[in-house]
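Residue numbers (our numbering), protein chains in the order written: chain A, 33 to 465; chain B, 7 to 326.
Just so you know, the hints here were simulated from the structure itself, not pulled from any lab data. Keep in mind it's a predicted model, so treat the numbers as computed, not measured. Warning: the hint list may mix true and false statements.
What the hints assert, rightly or not - Simulated crosslink set (DMTMM-like; lysine to aspartate or glutamate; CA at most 20 Å straight-line):
| id | chain 1 | residue 1 | chain 2 | residue 2 |
| --- | --- | --- | --- | --- |
| 1 | A | Lys260 | A | Asp178 |
| 2 | A | Lys291 | B | Asp263 |
| 3 | A | Lys283 | B | Glu185 |
| 4 | A | Lys291 | B | Glu185 |
What the hints assert, rightly or not - So these bits of chain B aren't anywhere near chain A, every CB distance computed over 10 Å:
| id | residue |
| --- | --- |
| 5 | Ile77 |
| 6 | Tyr90 |
| 7 | Leu128 |
| 8 | Ser149 |
| 9 | Gly178 |
| 10 | Asp263 |
| 11 | Gly275 |
A virtual CB, placed ideally from N, CA and C, is assigned to each residue, including glycine.
Given next are the chains, with one letter for each unit.
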Amino acid sequence: MNEFSRRGFLGLAGAAGVAGLAACAGTGTAPSTGSGGGSSNTIEFWSNHPGNSKPVEQQIIKAFEVANSGLKVKLVDAGKNYEEVAQKFNASLAGGQLPDVVVVSDVTWFNFALNKQLSPLDELLSTAKIDTSDYVDALYNDYNLDEKHYALPFSRSTPLFYYNKDLWKAAGLEDRGPKDWDEFLTWAPKLKAAAGSDKIVMELPDGSNYLDWVFQNMVWGYGGAYSKEWTPTFSDPNTVEAGTYLQNLAKDGYLKLSKDPAPDFTAGIVGCSMMSTGSLGGVAKDAKFPVGTAFLPGDGNCPTGGAGVGVPANISDDRKKNALKFIEFLTNAQNTVTFTQATGYMPVRKSAVGLPEEKAFLEKNPNAKTAIEQLPKTRSQDNVRVLLPGGGARIGKGLDQIVQGQDVATVFKALDAESQQVFDSQIKGKLGA
Amino acid sequence: MQSSVTESRSATPGSGGPPAQVGPPPRRSSGRAWEWSLAALLLLPNLVLLIVFTYRPLLDNIRLSFTDWNISSPIANPVGLSNYVEWFGRDDTRIIVRNTLVFTIATVGISMAVGLGLALLLDQKLRGRNLVRSAVFAPFVISGAAIGIAFQFVFDPNYGLIRDLLVRVGVGVPDFYQEPGWALFMVTVTYIWKNIGYTFVIYLAALQGRRADLDEAAEIDGASAWTRFRRVLMPQLRPTTFFLSITVLLSSVQVFDIINVMTRGGPQGNATSTLVYQVYQETFVNQRAGYGAMVATVMFVILLAVTVVQVRFMDRGKKA
Chain A
33 MNEFSRRGFL GLAGAAGVAG LAACAGTGTA PSTGSGGGSS NTIEFWSNHP GNSKPVEQQI
93 IKAFEVANSG LKVKLVDAGK NYEEVAQKFN ASLAGGQLPD VVVVSDVTWF NFALNKQLSP
153 LDELLSTAKI DTSDYVDALY NDYNLDEKHY ALPFSRSTPL FYYNKDLWKA AGLEDRGPKD
213 WDEFLTWAPK LKAAAGSDKI VMELPDGSNY LDWVFQNMVW GYGGAYSKEW TPTFSDPNTV
273 EAGTYLQNLA KDGYLKLSKD PAPDFTAGIV GCSMMSTGSL GGVAKDAKFP VGTAFLPGDG
333 NCPTGGAGVG VPANISDDRK KNALKFIEFL TNAQNTVTFT QATGYMPVRK SAVGLPEEKA
393 FLEKNPNAKT AIEQLPKTRS QDNVRVLLPG GGARIGKGLD QIVQGQDVAT VFKALDAESQ
453 QVFDSQIKGK LGA
Chain B
7 MQSSVTESRS ATPGSGGPPA QVGPPPRRSS GRAWEWSLAA LLLLPNLVLL IVFTYRPLLD
67 NIRLSFTDWN ISSPIANPVG LSNYVEWFGR DDTRIIVRNT LVFTIATVGI SMAVGLGLAL
127 LLDQKLRGRN LVRSAVFAPF VISGAAIGIA FQFVFDPNYG LIRDLLVRVG VGVPDFYQEP
187 GWALFMVTVT YIWKNIGYTF VIYLAALQGR RADLDEAAEI DGASAWTRFR RVLMPQLRPT
247 TFFLSITVLL SSVQVFDIIN VMTRGGPQGN ATSTLVYQVY QETFVNQRAG YGAMVATVMF
307 VILLAVTVVQ VRFMDRGKKA
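Excised from the complex, chain B in its bound form:
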């Protein structure tokens, strides 16, 4: 009967008056109630979990950011905005925010670009491509701590793989662990290597679901390969690019294991510290859990703002 309601509405577009009621109202109301019940039944478990394990701690975290809580103390005294005032006034905040920006922009940009490049390459009919696809994806499922340990053998200035390569071509070997710029480079490259598998596999799935006829039509019309990539392929990949930009951004900002294993935020104390590492450092090393909660709250606000901007940007792109 419901399909007949739809048909009836469709048949009278712009008639002005309310659609004629067809069928008994009690049945529709019980149908709605059933739909609502089903929706609630399906949503409720996840909603409860989200509230208990995500939103409640989030609110608690915001509350703690206004206290001087020492992680081992049973007492947390309110301190107003002083944690926030201190963070904005401290010298290391500038360095840590800069590190976070450099690390995040580099990992998001490079891992998406390389992931797309590999996906385009391995979307072709090549011999052994399944093996290569697996090899490219594999690092993503390895734990960050294991990768961090393995890459110490790559970057070690005394006997690492990179040293060996650079010595062969007669280039000086930087001390990746002691020079701040090189240390940040090291952890960034390591994370990009881990993350490329993820961007690759998502882009590959998107490429396999694209409309090949559009590309063929453009080719017949004489469009160059670059034009086809830019004007035909990329617009089709826009939702995927948007999805990746959000998920890779969120995961990049949360990187902790690789930094902790490789540099512990150093050298010089904070040369590779990011905001999430500062949360750990302040909470567990300096025992200032209230201050750590404040840094986490600042991160929350920044990421929320960035995500909102990304969503708006996506919407505008669609309307254009």
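Isolated chain A (complex conformation):
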């Protein structure tokens, strides 16, 4: 009896364990198409609080509730990054308890829009008489699918070129960023000599941490692209040239990849990097050396990034109306200034830059001004990175391989094939449907 119990118990425990393990893959529930639960006078806002913005989000919410009596906003911690918010939103699509407003990143919004889980906002905007022409055009148009907009810009960022002014001075360089990547190559030996063997000339995030985002600048700088519309163009000679440039930087000892270059740059170990404007606040505060910021090398080769806010498709019209009212307030000129000054993100309204408090802020913080001035030179990202499912991870993997020394043409050829296959199987049939 004793033997049976133990064996039986272990067998059952094992079977339950493996069963539980397998069960974690999907909810398996029928996706909801109902009214999405919720209340019409409580707006549930799902956010990851980009750039540690929870206090400023709460401040804006408080102001909204004062201005709109009868409406309440419930701020929900929906994850620590954009991907986790998307996961929670996906779970809610199956469970039926939908938020009213959800943060969607430059990467995550498209799949929701394509599968009709986000509301097209154009009609709602026009009914509410909200003037969208004040939104920065490049940022507003990032959420366009089939001539409809599925989100409004909120925590938007671009990469900036960050450099250590002390190192620049020691290397005898002018106090500015490189005009293009060829110029940087002429600077790199001087920077290496000035930095010494224990420091790194340039550090970029690795392929698991958005190298594919900042590398677009190099690709565009050499006249290449990840894709033209939906056609992958990794094998284009210009794209391959950019890949070879990246590889040579690493081979010559000028470039290292890391999980997060910000702490290394702030610690003075790294001479320069390309990082998000969202890192500006922390870097400027903690660095013990003068921090320089500049436009990304090249002219007009800066990708946009960050996140917007959208409204789920399957909630009631009343909830949608209130959600849009909140989004408009959250992203109006005054609040985008409040938000961006607290976080380092960019104002999403054109008129924001003209407000006196913003002018004063930019006067005091010239590095923040760099991001604003770079804004007109930004460009929407290539489809295969930002709209194709898993695009960023796929390209990041290839770039890691290139930096580790694998043949550029071979890696890019494989990326072409994989990207095309994903487009054909997951996107093509749904476009225009």
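Given the structure of chain A, go ahead and fit chain B onto it with the hints provided.
Just chain B now, kept in the frame of chain A:
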């Protein structure tokens, strides 16, 4: 009265005929009914929970593995076996299965061996052993995500603890985050560190319940320490070893938090991806929930097979 039935049966072994009925049958039948009712009452809540939260999702998961379900889509189209065919034909499957095997075998083997070693050491009467026991067990109750963040400071190639130690002895510092082999080493060591507390405490409990007289008898008979360990102690620990081999295996295969925090499955896309990380990656990053469900189903089958083999192995060991 029931005890008298037992006694009556015991008193007539091998008599051939049916045992004589003693006592009124209706009472025994109502006793059985009561036992059945009690068993059902006790088992039913757990059984319902298991069915609703484990077996139903399991079956649903298997169903979804034959579809092309996009995690955000309300529609899941049947695709037959194509997810399975694709998985077996893809290049990254080989890498991910290899990673899973290396990670699992290393964590099961090393954490059990080190846990046993520490348990043997801390089973001795040593000063301050309770404090050390607590210290060894503590990592097990810390969340994997917290450990993953803490160990980034240990393995950081620019200012980590290991770099500091290696530089002091003049050894080159590997880039744990960018070199695939070292990255897998890093997450494996981190998980072993977390898991040793568990194997240690289970082995310690087993050691404290063992028969000390057997060891003393073997010592009197002149058996060496190694012989006593191998021939006297280990057979007594066999059920514990078996229990640990199953539970540590299952938990090792499910490790997600440490990998997600430390490497996100990279470098080079999948150098530290295991099967469970692939489930996440395919379902939530590539949005192919049908494909993710297929990987989870494959895991289920593999683990079920391994568990069955372990149970058989245990049985054979007992009969031998």
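Hint by hint, here is what the structure shows:
1. A/Lys260 - A/Asp178: holds (17 Å)
2. A/Lys291 - B/Asp263: Since the Cα atoms of A/Lys291 and B/Asp263 sit roughly 16 Å apart, the hinted pair holds (cutoff 20 Å).
3. A/Lys283 - B/Glu185: Holds - the C-alpha atoms of B/Glu185 and A/Lys283 are around 15 Å apart, at most 20 Å.
4. A/Lys291 - B/Glu185: Given that 20 Å is the threshold and the Cα spacing comes to 12 Å, the pair holds.
5. Ile77: violated (5 Å)
6. Tyr90: About 14 Å separates B/Tyr90 from the closest Cβ of chain A, which puts it past 10 Å; holds.
7. Leu128: The assertion about B/Leu128 holds, with a minimum of 26 Å to chain A.
8. Ser149: holds (13 Å)
9. Gly178: Fine: 13 Å to the nearest Cβ keeps B/Gly178 off the interface.
10. Asp263: The claim holds: B/Asp263 sits with its nearest Cβ about 12 Å from chain A, beyond 10 Å.
11. Gly275: violated (3 Å)
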